[in-house]
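K.L.:
Given chain A, work out where chain B should sit, using these hints.
The lines below spell out each chain.
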Amino acid sequence: MPEQAWLIPALPLLAWILTFTVGPRMGERSSIFGIVALGLAFLLALQNLLAVLGGARASLSLPWLEMGEARFSMGFQVGPLEAVMLFMVTLVSWMVFIFSRGYMHGDDRFNRFYANICLFVAAMLTLVIADNFILFFAAWEVMGLCSYLLIGHWFRDLDNARAAIKAFLVTRVGDVGLMLGMFLLYVGTGSLRFEEVFARLQAVDPALLTFAAVMVFVGVAGKSAQVPLHIWLPDAMAGPTPVSALIHAATMVAAGVYLVARTYPLFEAAPGAMELAAFVGALTALVGALLATVQTDIKKVIAYSTISQLGLMILGLGAGGMAVGIFHLNTHSFFKALLFLAAGSVIHAAHTQDLHRMGGLFRKLPLTGVTFLVGTLALAGIPPLAGFFSKDEILLEAFHASSLLFWMAVAASFLTAYYMMRAVILAFFGSPRDEHVYSHAHESPPVMTLPLLVLSAFAVFGGLAGAPFLGHPFQSFLEPHGEGAPEGAGFVQAVAVGVALGGLALAWLIYGTRLVDRRALIRALYPLYFALKQKLFFDHLALGIARLTLVFRDLSAGADRYVVDGIAHGLAGLSLAVGAGVRRLGRGSAQGYALVMFAGLAVGLLIYLRVAGG
Amino acid sequence: MTGPSASHFFVLAAALFCLGLYAALRRRNAVLILMGIEMMLNAANLNLVAFARYLHPDPAPGQSFAVFVMAVAAAEVAVGLAIVLALARRRKTVDVNEINLMGG
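Listed in order, the protein sequences are those of chains A and B.
The opening position of the first sequence corresponds to residue 0 in numbering that gives the first Met the number 0, with each subsequent residue numbered one higher.
The opening position of the second sequence corresponds to residue 0 in numbering that gives the first Met the number 0, with each subsequent residue numbered one higher.
Same shape as in the complex, but just chain A (with noise of 0.2 Å):
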C-alpha cells in the first residue's frame, strides 16, 4: 500500500544498523540482512507498484521546523514515478546484494561493505519518496557520502584512496549548485516543498527561475555525471564491481536523471535551462561514447558507456519528455547493473580488467557471456530488447527537437554498438591471449550467476514497458496527459536500428575477423586517438580549475594575513606604543602627578573662563 512506502527506505536502514551492530560477530553471514530486507522491500514496492497502477496515491507531511515566518515540513509522497522508480531501485539493488555475497566472500571488510550498501540503497529510497528539497538534499548527501566509503572499499590501494576523493569533490561541486538552487527557489517561492514549489512557479521572476533551473542541473551534472562534471565515474571503478553496477545504474547516476524529473515543472517553466539541459546530454552522450572506445580496462568500457547513457537521459528529459528520460533510466538501470555484473562475474574468473588479456572466455564462462551479450545487445538498441525502446523514444524527442542533437545522438548510438561489441568480442571470443589468464578462469557459483539471469530478463523484456505497438503504457501512467506519439517514428527507428547494427559490424570487422587492422587504424587516426587516451583533456581542465582555486587560496590567505590581521596587528601596535608614550608620564612622582593635575586645572579654568566669562 502506498501509504506504508515509507517502509521501503526503513528497511535497508535497519539493516544498516544490525549489519554493524550485530554483523560483526557474525563473520560473512550478516548479509542476510541486507539480502532479506531488500528482499522485503522489493516486495513491499511491486506491492506499492500494483496499487499505484490501480490509482491508489498517497503523500504524508508533517510539520517539522518553524523559525518565525518561515516553516518546514518533512514527509513522503508515492505517485507514478516514485512507485516506478522503488521498483526498479529495490530489485536491481536486491540483485547486486545477492551477487555481492559471491563476489565479496573472503573479502577482510565484507561486513563494512554490507552495511555501507545498505545505507546508500536507504538513502537512494529515501531520496525517491521525499517530498521536500530538505529530505532530499540530505538523502543526496548520504550517497555522496556511501559512494566515498565504497569506491574507497579497498583503501590500502592509494590509488582508489585517491579516487574515492576525487568522486566525493567533483560531485561536492555539484552539490553547491543544487543548494544554491534550492536557496534561490526558498527565495522566489518561500516553500521548499516540491508541490508548493511548483505551485508557486509562476508567481517567480523568470530571470531568478532560469537561474534556479540552471542551478539544480549543475548539481544533476555532478551526481549524473554530465560533462564536465563527469570525470569522476569512471575512476568510481576502483570500488568493487558490484558497488559500480549499484552506482551506475540504480542509486548515484540515477539520483541526478531523478532529480530532473521530480522537479521537472521547474524545469517546464525555465526553457532556458532545458534547452541547456538537453545540449549537455547530448555532448556527454557523445563524449561518453567516443571515450568508451579506447578504454582496455573492461570496467571502464561499462563506465564510459554510463556516462553516455546518462546523458542521453538528460537529452530525452531536456528535449521534452519526463516519462522518456525515466523511460531509459529504468530499462538502463537493468542492464547496465547486468553488464556490470557480468563483467564483474568475468573478473572474479579472470583475475584481470584488462581486455587485452582476456579471450576465448565464452567456452569457460558461457552463463557470464551470455548475459553479457545479452546486456550488449540491449545497450547497443538491437530491437526487442529494452535498449531499442528507451533509446529510440530519445531520439524521437531529439529529432523533433532540433536536428543537431538529433545527429549526436545518433552518433552517440553507433560509437554505444561499436564499443560494447569491441569490449564482448575481446573479452569472450578469439583465441585466450593469456594462457593463464584463461587456464585458470571458471564459472561462478550459482549465488552470482543468479541475478545476472533476473537481471537479464529485464533486459530483454522490460522495453515492452513503453513499447510504441502496446501504446506506450509506461509514458502514459508517468504522465497521463502527456501528447501522442510524435510524427517521425518510422525514420528514426530505421536510422537507431542501422547504426546499432553498423556499429556492431564495424567491431565485427576490426576485432572479430581483422579485416581492418587496428594499429593501421591507430596510426591513422592519431591525433584523435591520443586526444582520447588523454580523456578528452578534461582532467587537465579539472586541474587547472583546481590550480586556479590554489592561486585564490594564496590570494585570500594573503589578504587574511596582511590585510585583516594587518589591522588587527596594527591596532595592537598603536595601543602599546600610546601606552609606551603614556607611560613616561607615570614614573610614580608624587609631584609630578600633582604638576599635571593643576595644570590641567589652570587650562579648564582658563577654557571655562574664556567660555563662561568671554
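Honestly, the hints are just simulated from the structure, not real lab data.
Keep in mind the model is a prediction, meaning the values are calculated, not measured.
No false leads were mixed into what you were given.
With a straight-line Cα cutoff of 25 Å, these simulated SDA-like cross-link-like pairs (lysine to any residue) come out: (1) B:Lys91 / A:Tyr592; (2) B:Lys91 / A:Gln590; (3) B:Lys91 / B:Ile36; (4) A:Lys299 / A:Leu505; (5) B:Lys91 / A:Ala589.
P.N.:
Okay, now just chain B, sitting in the frame of chain A:
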C-alpha cells in the same frame, strides 16, 4: 584713612597660594612639601575670611568655615608628618625623588 580693600587680600592670597604650590611641586623635602600644602590651605582661608568680611552680609559662616579648614589641616599635617616620620625611619630619607615605588 582708607583700609585695605578686598582686592588686596585676594592678590595676597593668590601670591601665597602660588608660593605654596611651588613649594609643594618643586621641593624635594617631604616636610617642606607639607608646609607648602599648609600655605595653600591658608591662602584659601584668607580668601574665605576676606569674602566673608567684604562681600557677605553675615561674616560668621565664612569665618567658621576657615576655622574648620584649620582643624582639618591640623589633622592632615599630623597624618602627613607621621607618614614622613615612618618614611624617614624606614628609608633613611625624606627626599621624594627617591620614593618612586609606584613608578611604571
